[in-house]
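Student: So the protein sequences, as listed, match chains A and B.
Just so you know, we're using the UniProt record's numbering here: the first sequence kicks off at 1 and counts up by one.
Just so you know, we're using the UniProt record's numbering here: the second sequence kicks off at 1 and counts up by one.
A couple of the hints might just be wrong.
[Claimed, not checked] List time: in silico SDA-like cross-link candidates among lysine to any residue, alpha-carbon distance up to 20 Å: (1) A:Lys87 - B:Val348; (2) B:Lys355 - A:Met96; (3) A:Lys87 - B:His458; (4) A:Lys124 - A:Glu32; (5) A:Lys44 - B:His458; (6) A:Lys87 - B:Trp336; (7) A:Lys87 - B:Pro341; (8) A:Lys87 - B:Trp195; (9) B:Lys315 - A:Ile53.
[Claimed, not checked] Partial pick of chain A residues on the chain B-facing surface, computed with a CB cut under 10 Å: (10) Gly47; (11) Ile55; (12) Gly86; (13) Pro127; (14) Ala131.
Hint data in this document are derived by calculation from the structure and do not stem from the laboratory.
Just so you know, these numbers come straight off a predicted model, no measurement behind them.
Where is the CB? At the ideal position from N, CA and C, for every residue including glycine.
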Amino acid sequence: MASKVIHAIYNDDDILMHAVKDVRAANYHIEEVYTPFPVHGLDKVMGLEPTRIAITSFMYGLVGLAVAIIMMNFIMIEDWPQNIGGKPSFSYIANMPAFVPIMFELTVFFAAHLMVITFYMRSKLWPFKKAENPDVRTTDDHFLMAVDAGNHDIEKLTQLLHNTGAIEISLIDNDEDH
Amino acid sequence: MYTLPSKLKLFAIIFMVVGAIGIVTGFLTAPGSTAEVKEMMADHHGDDHASEASHAVTIDSHGESHNETTVDASHAMEQAGEHGENAHDSEEAHLEHTLHQMQNRPWSALYIACFFFFMIALGALAFYAINYAAQAGWSPVLFRVMEGITAYLVPGGIIMFVLLGLSGFHINHLFVWADPEVVAHDKLLQGKAGWLNGTALMIRAAIFLGGWFLYRHFAVKFSRESDNEDGNTSFKKTFRISAAFLVFFIYTESMMSWDWLMSFDPHWFSTLYGWYVFAGMMVCAITTIAMVAIYLKSQGYLEFVNDSHIHDLGKYMFGFSIFWTYLWFSQFMLIWYANIPEEVTYFVTRIEDYKLPFFGMLAMNFIFPVLLLMNSDYKRVNWFVVLTGIVVLAGHYINLFVLVMPGTVGTSWYIGIPELGALCFFFGLFVFVVFTALTKAPLLVKNNPFVKESKNYHY
Numbered sequence: 001m002a003s004k005v006i007h008a009i010y011n012d013d014d015i016l017m018h019a020v021k022d023v024r025a026a027n028y029h030i031e032e033v034y035t036p037f038p039v040h041g042l043d044k045v046m047g048l049e050p051t052r053i054a055i056t057s058f059m060y061g062l063v064g065l066a067v068a069i070i071m072m073n074f075i076m077i078e079d080w081p082q083n084i085g086g087k088p089s090f091s092y093i094a095n096m097p098a099f100v101p102i103m104f105e106l107t108v109f110f111a112a113h114l115m116v117i118t119f120y121m122r123s124k125l126w127p128f129k130k131a132e133n134p135d136v137r138t139t140d141d142h143f144l145m146a147v148d149a150g151n152h153d154i155e156k157l158t159q160l161l162h163n164t165g166a167i168e169i170s171l172i173d174n175d176e177d178h
Numbered sequence: 001m002y003t004l005p006s007k008l009k010l011f012a013i014i015f016m017v018v019g020a021i022g023i024v025t026g027f028l029t030a031p032g033s034t035a036e037v038k039e040m041m042a043d044h045h046g047d048d049h050a051s052e053a054s055h056a057v058t059i060d061s062h063g064e065s066h067n068e069t070t071v072d073a074s075h076a077m078e079q080a081g082e083h084g085e086n087a088h089d090s091e092e093a094h095l096e097h098t099l100h101q102m103q104n105r106p107w108s109a110l111y112i113a114c115f116f117f118f119m120i121a122l123g124a125l126a127f128y129a130i131n132y133a134a135q136a137g138w139s140p141v142l143f144r145v146m147e148g149i150t151a152y153l154v155p156g157g158i159i160m161f162v163l164l165g166l167s168g169f170h171i172n173h174l175f176v177w178a179d180p181e182v183v184a185h186d187k188l189l190q191g192k193a194g195w196l197n198g199t200a201l202m203i204r205a206a207i208f209l210g211g212w213f214l215y216r217h218f219a220v221k222f223s224r225e226s227d228n229e230d231g232n233t234s235f236k237k238t239f240r241i242s243a244a245f246l247v248f249f250i251y252t253e254s255m256m257s258w259d260w261l262m263s264f265d266p267h268w269f270s271t272l273y274g275w276y277v278f279a280g281m282m283v284c285a286i287t288t289i290a291m292v293a294i295y296l297k298s299q300g301y302l303e304f305v306n307d308s309h310i311h312d313l314g315k316y317m318f319g320f321s322i323f324w325t326y327l328w329f330s331q332f333m334l335i336w337y338a339n340i341p342e343e344v345t346y347f348v349t350r351i352e353d354y355k356l357p358f359f360g361m362l363a364m365n366f367i368f369p370v371l372l373l374m375n376s377d378y379k380r381v382n383w384f385v386v387l388t389g390i391v392v393l394a395g396h397y398i399n400l401f402v403l404v405m406p407g408t409v410g411t412s413w414y415i416g417i418p419e420l421g422a423l424c425f426f427f428g429l430f431v432f433v434v435f436t437a438l439t440k441a442p443l444l445v446k447n448n449p450f451v452k453e454s455k456n457y458h459y
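With the rest of the complex left out, here is chain A (with noise of 0.2 Å):
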């Protein structure tokens, strides 16, 4: 189903902060906004939640904890358990400090790679991905907000925008929904 969607172009960072917080006052939906680079509190004038990929990250360091405790446990201890250097290999802990730069080092491996990863699944980033660029002056210089037009008056819309400081204001048609 085809829908329209409203691109302000904005060329200052403040002008569109502001920009933001009149469409949202006025109760329009804000689908996208492209900046060239992070604009400060921008996610919180939109409204978005708090990313919760700190928590991901956490988990998965537990998870690379584990996976060093129980591989070294079965390696050195129940496996093989032999006498290295009069090293004791008579139980874990016995052994520990010995193990622990390995279990600090995979659980920060598993910490920080997992969740790169899921960073890049999340924000659908990946090689060969084609780029979702509405217009290519937001890489460089310029900001640019996209307003579902939905059933709303096309006229009012525009003049609202055009009233929070938008240098461009363009119509398009939207046939894939992303």
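Start from chain A and add chain B according to the hints.
Tutor: Below, chain B without anything else, positioned relative to chain A:
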């Protein structure tokens, strides 16, 4: 301006009085002769002596072996070669040994508590200097709190100096190397006598303390002056002396930790010891800054301190706790791994005789803050920071306890009246000095070039 509430004053005085009673009790109940020790042991251990001969425990300390016959490990009365001489199986030598340990106990308790609060003030001073030298934009609203905490440096340092004098010149028996009789029979201590002797100890302590007092004096003076001036002259002066102080501090702090803590085990040495003590000091100082700030904020005095400042302090507590653990583990693991007898005795005595405090403080100083302060939201919850802070401070007291006690009282340790008394006394003194100092100047710096940024700080 902050005025000292009379309730707080009374609170501090009660702690000082109760603490002083505890300290005096500790000294009075320490045994004066081997006969008294015998009596006390009979009271405490009853017929356990029957099993005495069946448990032979060999503790290898200070690079020499001692074969000592003892009662079972829970109240083993031998201390690993405090005097570096071969202890004999004879009852009298054993009692003599225990007597020295018991007489050391109130002194050690006093020393640990004194150093604990002194190091909070010293750590706060270093943190203050770092914030000036780094031109931190978040912290100027907390500068007066830090200045207040560093006020304890002077009285605490003077008491520390007196205690060091008493120990270094062998008035008490805290430093083994200060006992000329022990040194006469000990090649290792003779070799170290050039550094480890009473006079040198006091000269160094005077230099360290003098330098720290001097920086504290001028930093606070310039900070007060800057309230009444237009330009940045005072700020620039503080910036310069802070940078110079930090250089001075890191050398003197390292040497101070050899002198004041590592020399309790004069046969043992570790190269990262200074950093290790420093890390513990910083954790305690930052925790104290956070707790005092939260207290003053709750009383409505720190208008511009918001959750973000507490959040930052929480992050520092978290980070320095991990840093402390990193150094603790590095020191422990290197020695455990290589297992060189002359080094490893240090940990053997601690694990054998101080198992619970030794590993318990690790949980308190590492696992607790890591789990509680990892969440960003929790660092903004004041009571969470205070709760973690209390555990961290208690953990670092135990850390000091485990650093000092094995070298002075050995197995005769206990956390009882002398320890708690000393802790109460210095806590009361600390609260009294710090909060009195806070009344001396407005709680917000004026004209600091970063204070506006700090007031509006938001994370």
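Student: Against each hint, give a clear statement of whether it holds in the structure.
Tutor: Here is what the structure says about each hint:
1. Annotation: proposed proximity of Lys87 (chain A) to Val348 (chain B) holds, straight-line Cα distance about 16 Å (limit 20 Å).
2. Of the pairs offered as hints, the one joining Lys355 (chain B) and Met96 (chain A) holds, with about 16 Å between alpha carbons and a cut-off of 20 Å not exceeded.
3. For the given pair, Lys87 (chain A) sits about 51 Å from His458 (chain B) by alpha-carbon distance, which is inconsistent with the 20 Å threshold.
4. Of the supplied pair hints, the one linking Lys124 (chain A) and Glu32 (chain A) holds, its CA atoms being roughly 15 Å apart against a limit of 20 Å.
5. Only pairs whose Cα atoms come within 20 Å are accepted, and Lys44 (chain A) paired with His458 (chain B) is accepted, the gap being roughly 14 Å.
6. The straight-line distance between the Cα atoms of Lys87 (chain A) and Trp336 (chain B) is roughly 10 Å, inside the 20 Å bound, and the hint therefore holds.
7. With a C-alpha separation of about 15 Å, the suggested pairing of Lys87 (chain A) with Pro341 (chain B) holds against the 20 Å cut-off.
8. The suggested pairing of Lys87 (chain A) with Trp195 (chain B) is violated, with an alpha-carbon distance near 36 Å, which exceeds 20 Å.
9. Our distance criterion of 20 Å between C-alpha atoms is met by Lys315 (chain B) and Ile53 (chain A), whose separation comes to about 19 Å.
10. Given hint, Gly47 (chain A) at the interface with chain B, is violated; its Cβ is 19 Å from that chain's nearest Cβ, farther than 10 Å.
11. Because the closest C-beta pair between Ile55 (chain A) and chain B is about 9 Å apart, less than 10 Å, the hint holds.
12. The criterion of a C-beta within 10 Å of any C-beta in chain B is met by Gly86 (chain A), whose closest approach is roughly 7 Å, and the hint holds.
13. Using the Cβ-Cβ criterion of 10 Å, the hint placing Pro127 (chain A) at the interface with chain B is not satisfied: the shortest such distance is roughly 32 Å.
14. Checking Ala131 (chain A) against chain B: minimum C-beta separation of about 32 Å lies over 10 Å; hint violated.
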